[in-house]
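Protein chains: 2
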Amino acid sequence: MKKCTLSERELPRAWYNIAADLPEPLRPPLDPGTGQPIGPEKLAPIFPLPLLEQEMSAQREIPIPPEVLDVYASWRPTPLVRATRLEKHLGTPARIFYKYEGASPAGSHKPNTAVAQAYYNKLSGVKRLTTETGAGQWGSALAYGCCLFGLQLKVYMVKVSYHQKPYRKSIIQAWGGEIVPSPSHDTQAGRRFLAENPDSPGSLGIAISEAVEDAASRDDTNYSLGSVLNHVLLHQTVIGLETQRQFKEFNLEPDVVIGCVGGGSNFGGLAIPYVRERIAGRKVRAVAVEPTACPSITRGHYHYDFGDTAEMTPLLAMHTLGHQFLPPGIHAGGLRYHGMSPLISHMVRLGLVEAKALNQLECFRAAVTFARTEGLIPAPETSHAIRAAIVEAERCKAEGKAETIVFNFSGHGLLDMSAYDAYFADELGDYTLPEKELKEAWELIRGLPKP
Amino acid sequence: MKKCTLSERELPRAWYNIAADLPEPLRPPLDPGTGQPIGPEKLAPIFPLPLLEQEMSAQREIPIPPEVLDVYASWRPTPLVRATRLEKHLGTPARIFYKYEGASPAGSHKPNTAVAQAYYNKLSGVKRLTTETGAGQWGSALAYGCCLFGLQLKVYMVKVSYHQKPYRKSIIQAWGGEIVPSPSHDTQAGRRFLAENPDSPGSLGIAISEAVEDAASRDDTNYSLGSVLNHVLLHQTVIGLETQRQFKEFNLEPDVVIGCVGGGSNFGGLAIPYVRERIAGRKVRAVAVEPTACPSITRGHYHYDFGDTAEMTPLLAMHTLGHQFLPPGIHAGGLRYHGMSPLISHMVRLGLVEAKALNQLECFRAAVTFARTEGLIPAPETSHAIRAAIVEAERCKAEGKAETIVFNFSGHGLLDMSAYDAYFADELGDYTLPEKELKEAWELIRGLPKP
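Each protein sequence line maps, in turn, to chains A and B. The opening position of the first sequence corresponds to residue 58 in the working numbering, with each subsequent residue numbered one higher. The opening position of the second sequence corresponds to residue 58 in the working numbering, with each subsequent residue numbered one higher.
Hints are not guaranteed to be accurate.
If several chains are the same, the list does not tell them apart, and a pair holds so long as it fits within one copy or across any two.
[Claimed, not checked] Cut-off 16 Å, straight-line C-alpha distance, at most; resulting in silico cross-link-like pairs (EDC-like, lysine to aspartate or glutamate):
| # | residue 1 | residue 2 |
| --- | --- | --- |
| 1 | K145 | E124 |
| 2 | K454 | D312 |
| 3 | K59 | E368 |
| 4 | K305 | E451 |
| 5 | K59 | E334 |
| 6 | K305 | E494 |
| 7 | K59 | E124 |
| 8 | K60 | D127 |
| 9 | K413 | E497 |
| 10 | K184 | E411 |
| 11 | K145 | D127 |
| 12 | K507 | E67 |
| 13 | K59 | D127 |
| 14 | K507 | D256 |
None of these hints come from the bench; they were simulated from the model.
Chain A with its partners taken away, still in its complex shape (with noise of 0.2 Å):
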């Protein structure tokens, strides 16, 4: 068998919510005014209800809703397919699977969050939505769920990814989406920083602080966010609740376990169910990739910070390279986050989950491997993790060993076409951050709180 498909019938039901399990619990997210723990009064103006609750929620289980159940089904449950023909080409006795996010309406994971979160906005009476986009993966996904739902939406995209990936704008209109370059001219933080540097490439952190900030400013709007905090990762756990379940029908488990990160949400999302059997006892490794551009795990450090560059958010405990520092324009723009969702980083701290860092070429060399021998042409961050099942099947080469890898395909590369023909064109290098850039990113910080 290449492929294991479930019926709609095999939907999961509930999202898993690993709060229940972790052996210590969770760094609450502090009020940067008092440095005390931040109650959700405070974040009711940008978010509802029912999304509060479950990114405080310590319930094991969270019912699916019939809504969005509905919405799922018009696409999953996704496939879980076995490499055959990567396994082949690598001469690997491993097994390598990968789980085909790729088959959304928007080409990858990030509609399981976006379809819930417009369900539970719309629930609650809320108009309008206001999200940041890096790759435009989310701010896409989330024009889909809005859509469905009927809310307003408008998107902050970085502006670097929005002039590279022009196709996502036009998805995002086709969607009846709204959508601007950041930094921008809307917002008050767009102007400031547009007036420090007219010529800014923009960043994760800054379109959050414009999005926050329009969202915060008007009574009808919330924000929405498509990375890092727990409820993010809560929806996006069907992806591993089906994998569980698909390998059952292969008669095999995984011994490792992997997908790239920026803010950890397709990471967490096939990891975290596996993460439980690992708390259970079950020996299974979970490795999370990011890119030596923008290393937060490997590199940086684990600390309260902002979640965006103008101070607006809460303070999480993350791993960070300071709420300041502004990554390379390298072509995997959903992985140029300054952070690492709170969940993802308490996890490598009690050594439930392992990071590593990539560079960008050996990651579209494994991306163009991929696409010619399984047929799939990944988003450039989906290739950070090829590299490293790769690098993981080429280990158990050396070993003998017949171990079981997956990771998760989260997304296709159809629209990131600009990327490959930079590759191709031989225009890409690697890029390491100097130890002095670090430094400077991370003396703006020390002085927050410790976790």
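Based on these hints, arrange chain B on the given structure of chain A.
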């Protein structure tokens, strides 16, 4: 139930060849020199024997080779989805279903035959293939097929589409294919067309001439066609065969089966197994939808004509606008062909298939309605099938009938966003061909044999 997915085990094991069941045999292709039916030996320089056998076969079921099934299994069986949100939006009692062929790695139905053709050519010792492509869906699908079976590929892409859809070029390159805009300087035919009109937008007819000339002039090279011919439609029947099984799961039988037609392959793939039911006596309508800008069935003649512009192919009995006809540059590039599959034309003449022509703007409107209800952004070609399904659903509403309608969602439009940009910017218009233009093109072929 919203969607029916089948397991890999339920993949059809044989293609269905309707030649075995037609009430009247197809008219044979003719040698343009002698006016006599052409034998396989004349076509052997550009097609491998197994495909020529399939082209002429009268055997009802033709087994799908295991190597092809193995690749099909990467994305097939594709889902059959009920468009419940679209139904609700239209307020129709009709049930609307779509077969989602956009799930393939290339994003369309084209890999169904691309994989088979690459396999049979590899099996026959061929090293290199040439082909033409309109919107690029076929070229990218064949690049995918060739890359999996280790064949070189050169794609002649219609120039107007080459510039409208730059990402298609990048995708073909990512899969290792070579691509040039047609007319090109690489063939005698191309140079002749460029000498006549240096600004020629190109056409499928011209690109076919170039690809055939290239293949005929090199011993290691064969030619591959993405539509029109019997063996191509044969490979596509996997779509309709899966759909028949899936409707059993829904306990329904479709009353109307719809597909867009350029050369006829996606429509044929879905409809042919249903035409078999119609021949056997069940009441089911098969509707082929073409653009008013290139109306080969609805305004062309059923006649022998060349398949290409430079008169290099055998004469085919088909609905044609004349092989010198140059369609206007509408955005549904895959539908810009002067002729039609001889098999589809034959079924139209026998009253087994009906045809209708639709305007560009009503199709884009339907595409946006579909994207904003069901969430999938269709290719401009596919939008013709969607509009026709909506017209049928509106008729059902007026007549108070709960008919079951199915259309082929032949490909997603994520690579066609420039066409959507033009639509939203009000830059597109409708185009109905003047009678004079049709008459002039027709005059040039009336001396050819009558079927």
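Hints and how they fare:
In the homo-oligomer, the alpha carbons of K145 and E124 lie at most 16 Å apart only across protomers (15 Å), although the nearest pairing inside one protomer, at 42 Å, exceeds that limit. In this homomeric assembly, K454 and D312 come within 16 Å of each other (Cα to Cα) only inside a single copy, at 15 Å, whereas the closest approach across copies is 55 Å. Taking the shortest Cα distances, K59 and E368 never come within 16 Å of each other, neither inside one copy (48 Å) nor across copies (44 Å). For the homomeric pair K305 and E451, neither the shortest alpha-carbon distance inside one copy (25 Å) nor that between copies (45 Å) is at most 16 Å.
When the C-alpha separation of K59 and E334 is checked against a cutoff of 16 Å, the pair qualifies neither within a copy, at 25 Å, nor between copies, at 32 Å. For a Cα distance limit of 16 Å, the shortest separation of K305 from E494 qualifies neither inside one copy, at 47 Å, nor across copies, at 63 Å. With identical chains, the CA atoms of K59 and E124 are at most 16 Å apart between copies only, with a shortest distance of 12 Å across copies and 32 Å within one. In this assembly of identical chains, K60 and D127 lie within 16 Å of each other by CA distance solely across copies; the values are 10 Å between and 24 Å within a copy.
In the homo-oligomer, the alpha carbons of K413 and E497 never lie at most 16 Å apart, since the shortest distance is 23 Å inside one protomer and 67 Å across protomers. For a Cα distance limit of 16 Å, the shortest separation of K184 from E411 qualifies neither inside one copy, at 40 Å, nor across copies, at 45 Å. Taking identical chains as interchangeable, the C-alpha atoms of K145 and D127 lie at most 16 Å apart only when they sit on different chains, with a minimum of 14 Å there against 38 Å within one chain. Taking the closest pair of Cα atoms, K507 and E67 never come within 16 Å of each other, the shortest separation being 44 Å inside a single copy and 57 Å across copies.
Taking the shortest alpha-carbon separations for K59 and D127, only the inter-copy value of 8 Å comes in at or below 16 Å, while the best intra-copy value is 27 Å. Within a single copy, K507 and D256 get their C-alpha atoms no closer than 34 Å, and across copies no closer than 67 Å, so neither meets the 16 Å cut-off.
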